[in-house]
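A.B. asks: So the chains spell out like this:
2 protein chains.
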Amino acid sequence: MTNESEYSEGDLRNTGLSLKHDREWDYELERIIEAVEERDAKKVGLQFPEGLKRRGPAVADDLRQLLPDDVTVMISGQPCYGACDLDTFLMRRTDVFVHFGHSPMKESDKIIYVPLFSNVKVTPIMEEALAELDGDEVGLVTTAQHMNRFDEMRDFLEDEGFTVHTRRGDDRLTHEGQVLGCNYASADIDADHVLYVGGGKFHPLGLAMEHPDKKVVIADPVNMVVTIADTDKFLKQRYASVHKAMDAETWGVIFCTKIGQGRWEIAQEILEENENAYLITMDEVTPDRLLNFGFDAYVNTGCPRITTDDGPRFNKPMLTPGEYEIAIGEKPLDELEFDTFHGTW
Amino acid sequence: MTNESEYSEGDLRNTGLSLKHDREWDYELERIIEAVEERDAKKVGLQFPEGLKRRGPAVADDLRQLLPDDVTVMISGQPCYGACDLDTFLMRRTDVFVHFGHSPMKESDKIIYVPLFSNVKVTPIMEEALAELDGDEVGLVTTAQHMNRFDEMRDFLEDEGFTVHTRRGDDRLTHEGQVLGCNYASADIDADHVLYVGGGKFHPLGLAMEHPDKKVVIADPVNMVVTIADTDKFLKQRYASVHKAMDAETWGVIFCTKIGQGRWEIAQEILEENENAYLITMDEVTPDRLLNFGFDAYVNTGCPRITTDDGPRFNKPMLTPGEYEIAIGEKPLDELEFDTFHGTW
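Residue numbers (the working numbering), protein chains in the order written: chain A, 1177 to 1521; chain B, 1177 to 1521.
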């Protein structure tokens, strides 16, 4: 007899699906196959974020074995960095489109979102984080990949005597307590301390920037470290870019054409008020693509992560719309804020 | 009085248009402005190939000065390598879409093609090339940017006593005698010698590969050199890639989503016959994008220039569809051919 508890969540050895490849994660093949049958689909598109692309061929392989011969499985080769970043070309040309690794940003009949939750245990590092939490009120947030353990996180904190404040953000977010790299609305809660359970530096940094009055404690369950979000280094980098851009005569205003990353009104406003601003449309915003244009500075109305994470890779200053206002003297320097996105698309 | 002959073709100092920026080339602003007025356009998209992107802002500037205030001028930030490579996102979202630097691949009411002809003189280097042309029959081909001097080229050769053979290729080509990096149908002529007037190595190489029975003489009017197309080095490189790919167990089959670079039937055929082949869809085919997938080899059904020019930059062998057939043993090694594209899209 198979003891279910032997297997971690997502382990498919006990699902009865006959697969060609071993599986550590639950790609929810059954749900995909059902959708294909229901819609009598002939073309199935698969999109993986960068870190999961390597798994694409094996997932495609298993699907092909389980699906009728006349179904074509196509893998998106476009870069993908979030649910905001759907391969709309492939989506429009397939009957079923599966987006792996992110939770839904916008519901659609056509799209199947397969979130691929992490199996990593969260309570051990939360235990360590307790020392950083003063008082008995705490906000709790996490990322899509640990969302499957959100109740466990809350229970843990409550068992430790905390009143746990959680909130669902706006339409851009699927789950209570979920944060994105560009949306921290779920942290708008009534507590001075926020515990962020998850990896990466960008999410808690944005969190701390958006909520300068709160202490943001980071419990990283993958690397097993507890840190406190520190906005100083980040702010220095951003101020440096803003200062450099103050001398700019010509501005390239980037409108990102990715379905969930476009802010047309903001781009339009800048253009209307600055005759030395020029509108550039593009999907991937990369240093190479901008090099040829030769503007003195850029303002990116698309994904703020590109601006702040990749900023130093661009040969000219690249600012968020808020930073742009500071650079042209419309806003004082101390009003520098983290750029966030709200709503879906 | 202005003496017209002082000015080179395309010089706009004598057009009466009041421009903010000096112009060496004729961007045909008048034609664009007329189209905008005719269609009462509110959004105008501009697309430049990589080498001309730097001119984009000044062209946009002049257009904005000449157009009503409520017209938004948008510049495509997508990479662009040919008329096959239209920014369809921007095209669909603008009322007038101007594609600079290439001759039309497909006529469309929406698109204005502004070819930007070169002003370089062609007869001096043709004079030098005469020594390489035996007999009195010669084929003549050139690229889009020198097309404005095609009659002059023909006249020159006829004056030298040659019978000049020219031909319009297929639907992919606009002009008599024009070649593309992926189409040499205009060289299917009845002469043992073909004179190619133009720059770059890729065009004459493809020409020589497509017509191994002909001597292809290259007259480069920009660098002022005459050479003979030599396919040996190119062939060695290609054979090396094919040999490496012979050991591949898994294949990534790339279907390019660019409007003029897709060959769906070819991709589909490979998939149907090879169960270890997986379909990947993408617009830009770059080493970075493929790195994450981890296939043993790739076959690119998109632009052959990527495969052959950029091939060595990919960490796994990248083949054309014809080379793929050799690698899997369907065709003998000596049937290696240059990959070409026919028709429009």
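Don't read these hints as lab results, they were simulated from the structure.
You may find that some hints are simply not true.
Because identical chains share one entry, a pair is satisfied inside a single copy or across any pair of copies.
The list that follows gives simulated cross-link-like pairs (lysine-lysine, BS3-like), each with its CA atoms no further than 30 Å apart [what the hints assert, rightly or not]:
#, residue 1, residue 2
1, Lys-1219, Lys-1282
2, Lys-1420, Lys-1196
3, Lys-1282, Lys-1412
4, Lys-1420, Lys-1286
5, Lys-1391, Lys-1297
6, Lys-1492, Lys-1219
7, Lys-1196, Lys-1377
8, Lys-1390, Lys-1286
9, Lys-1492, Lys-1196
10, Lys-1390, Lys-1409
11, Lys-1218, Lys-1391
12, Lys-1218, Lys-1412
13, Lys-1420, Lys-1492
14, Lys-1507, Lys-1297
15, Lys-1196, Lys-1412
16, Lys-1282, Lys-1377
17, Lys-1492, Lys-1390
18, Lys-1219, Lys-1409
A.B. asks: Run every hint past the structure and note whether it holds.
C.D. replies: A quick look at each hint next to the structure:
no., hint, in the structure
1, Lys-1219 x Lys-1282, "both (22 Å within a copy, 28 Å between copies)"
2, Lys-1420 x Lys-1196, "between (55 Å within a copy, 27 Å between copies)"
3, Lys-1282 x Lys-1412, "neither (35 Å within a copy, 51 Å between copies)"
4, Lys-1420 x Lys-1286, "neither (45 Å within a copy, 40 Å between copies)"
5, Lys-1391 x Lys-1297, "within (24 Å within a copy, 70 Å between copies)"
6, Lys-1492 x Lys-1219, "between (42 Å within a copy, 27 Å between copies)"
7, Lys-1196 x Lys-1377, "neither (37 Å within a copy, 47 Å between copies)"
8, Lys-1390 x Lys-1286, "neither (40 Å within a copy, 53 Å between copies)"
9, Lys-1492 x Lys-1196, "between (49 Å within a copy, 25 Å between copies)"
10, Lys-1390 x Lys-1409, "within (18 Å within a copy, 65 Å between copies)"
11, Lys-1218 x Lys-1391, "neither (51 Å within a copy, 49 Å between copies)"
12, Lys-1218 x Lys-1412, "neither (53 Å within a copy, 41 Å between copies)"
13, Lys-1420 x Lys-1492, "within (9 Å within a copy, 41 Å between copies)"
14, Lys-1507 x Lys-1297, "neither (45 Å within a copy, 54 Å between copies)"
15, Lys-1196 x Lys-1412, "neither (51 Å within a copy, 39 Å between copies)"
16, Lys-1282 x Lys-1377, "within (26 Å within a copy, 48 Å between copies)"
17, Lys-1492 x Lys-1390, "neither (33 Å within a copy, 49 Å between copies)"
18, Lys-1219 x Lys-1409, "neither (48 Å within a copy, 41 Å between copies)"
In summary, the numbered hints that this structure violates are 3, 4, 7, 8, 11, 12, 14, 15, 17, 18.
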